[in-house]
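In case you want the letters, here they are:
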Amino acid sequence: DAGVTQSPTHLIKTRGQQVTLRCSPKSGHDTVSWYQQALGQGPQFIFQYYEEEERQRGNFPDRFSGHQFPNYSSELNVNALLLGDSALYLCASSLEITYEQYFGPGTRLTVT
Amino acid sequence: GENVEQHPSTLSVQEGDSAVIKCTYSDSASNYFPWYKQELGKGPQLIIDIRSNVGEKKDQRIAVTLNKTAKHFSLHITETQPEDSAVYFCAASSQGGSEKLVFGKGTKLTVNP
Chain P
79 DAGVTQSPTH LIKTRGQQVT LRCSPKSGHD TVSWYQQALG QGPQFIFQYY
129 EEEERQRGNF PDRFSGHQFP NYSSELNVNA LLLGDSALYL CASSLEITYE
179 QYFGPGTRLT VT
Chain Z
9 GENVEQHPST LSVQEGDSAV IKCTYSDSAS NYFPWYKQEL GKGPQLIIDI
59 RSNVGEKKDQ RIAVTLNKTA KHFSLHITET QPEDSAVYFC AASSQGGSEK
109 LVFGKGTKLT VNP
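Protein sequences appear in the order of chains P and Z.
Count along the first sequence from 1, add 78, and you get the number used in this note's numbering.
Count along the second sequence from 1, add 8, and you get the number used in this note's numbering.
Next up, chain P with everything else stripped away, as it sits in the complex (with noise of 0.2 Å):
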């Protein structure tokens, strides 16, 4: 049973940039949160989705959007990119009716 996949394993890009972050969700889950980790912090929650809606969201602005697929795999999508999105992006899945998270290996977003 495949866990939580997330690619790229790491990206560099450039202050202004746009970039792209994919998950595929565990087996089974329907929900698909994503939080962003600065280095030495604890996840942030960034936003939710189920059922191909945005269903919460945390305290990021607008530059940070989102997608959900039939499948439920989801995107991560980050504009005008700053030297403070440097961070370690990571997913989680989980059932909706349930209560475990679970994480994926993380993308670790580079800005310079």
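One thing to keep in mind: the hints can contain errors.
[As the list claims (entries may be wrong)] Restricting the straight-line Cα-Cα distance to at most 20 Å, the calculated cross-link-like pairs of lysine to any residue (SDA-like) are: (1) K45(Z) / D163(P); (2) K76(Z) / R100(P); (3) K50(Z) / A80(P); (4) K113(Z) / T176(P); (5) K50(Z) / Y128(P); (6) K50(Z) / R100(P); (7) K45(Z) / L89(P); (8) K50(Z) / T176(P); (9) K65(Z) / E178(P); (10) K30(Z) / T176(P); (11) K65(Z) / T176(P); (12) K50(Z) / Y180(P); (13) K50(Z) / R186(P); (14) K116(Z) / Q119(P); (15) K113(Z) / Y180(P); (16) K50(Z) / D163(P); (17) K30(Z) / L89(P); (18) K50(Z) / A116(P); (19) K45(Z) / A165(P).
[Said to hold, decoys possible] Per the computed footprint, the stretches of chain P lying under chain Z, defined by three or more beta-carbons under 8 Å from a beta-carbon of chain Z, are: (20) 89-96; (21) 122-129; (22) 139-149; (23) 152-164.
No lab work stands behind these hints: they were computed from the structure.
Glycine residues also receive a C-beta, built at the ideal position from the N, C-alpha and C atoms.
Take the given structure of chain P and dock chain Z to it, following the hints.
For chain Z alone, coordinates are given in the frame of chain P:
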């Protein structure tokens, strides 16, 4: 909104000793409290969780306790081993999988052989 505080930020123990990490939360509506272990270069791994209708839960060498009145919960690791060395995060949520997790800042645990 919910705020989770975690202590200590670093913890060093000798192999075989016990380790305790403590967290407090602010929102009385929170009812789900997972603990994650994060090794270098990896995503957080769910190691144990507890719901607000339970006071204590054990899984082999790991246990979690919850005091709803005081709004704090703790992770206990007994008979620590070098492979327990990692960063541990506590989190709180009001609806589990369908609700965001609010994380503490993490505890770096080092188990010395």
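Whether chain Z covers the stretch 89-96 of chain P (at least 3 residues having a Cβ closer than 8 Å to its Cβ atoms):
With 0 residues closer than 8 Å to chain Z, the stretch 89-96 of chain P misses the three-residue bar; violated.
Between the stretch 152-164 of chain P and chain Z, are there enough contacts, at least three residues with CB-CB distance under 8 Å, for the coverage claim to hold?
The restraint on the stretch 152-164 of chain P is violated, since only 0 of its residues have a Cβ under 8 Å from chain Z and three are required.
Decide if the proposed pair is consistent with the structure: K30(Z) and T176(P), CA atoms, cutoff 20 Å inclusive.
violated, 25 Å
With a cut-off of 20 Å on the C-alpha distance, tell me whether K50(Z) and R100(P) pass.
holds, 16 Å
Quickly compare the C-alpha distance for K30(Z) and L89(P) to 20 Å and report which way the hint goes.
violated, 35 Å
Given the hinted pair K50(Z) and Y180(P), is their Cα-Cα distance within 20 Å?
holds, 12 Å
20 Å Cα cutoff - pair K50(Z), A80(P):
This hinted pair holds, its Cα atoms lying about 16 Å apart.
Residues of the stretch 139-149 of chain P with Cβ under 8 Å from chain Z, three needed, outcome
violated (count 0)
K50(Z) and T176(P) were given as a pair; does the straight-line alpha-carbon distance stay at or below 20 Å?
violated, 24 Å
Would the pair K45(Z) and A165(P) pass a check requiring their Cα atoms to be no farther apart than 20 Å?
Roughly 18 Å between the alpha carbons, so the hint for K45(Z) and A165(P) holds.
Outcome, coverage of the stretch 122-129 of chain P by chain Z - at least 3 residues whose beta-carbon is closer than 8 Å to one in that chain:
holds (count 4)
Holds or violated: are the alpha carbons of K76(Z) and R100(P) at most 20 Å from each other?
Status violated; Cα separation ~38 Å.
Checked against the numbered hints above, the structure breaks hints 1, 2, 4, 5, 7, 8, 10, 17, 20, 22, 23 and satisfies the rest.
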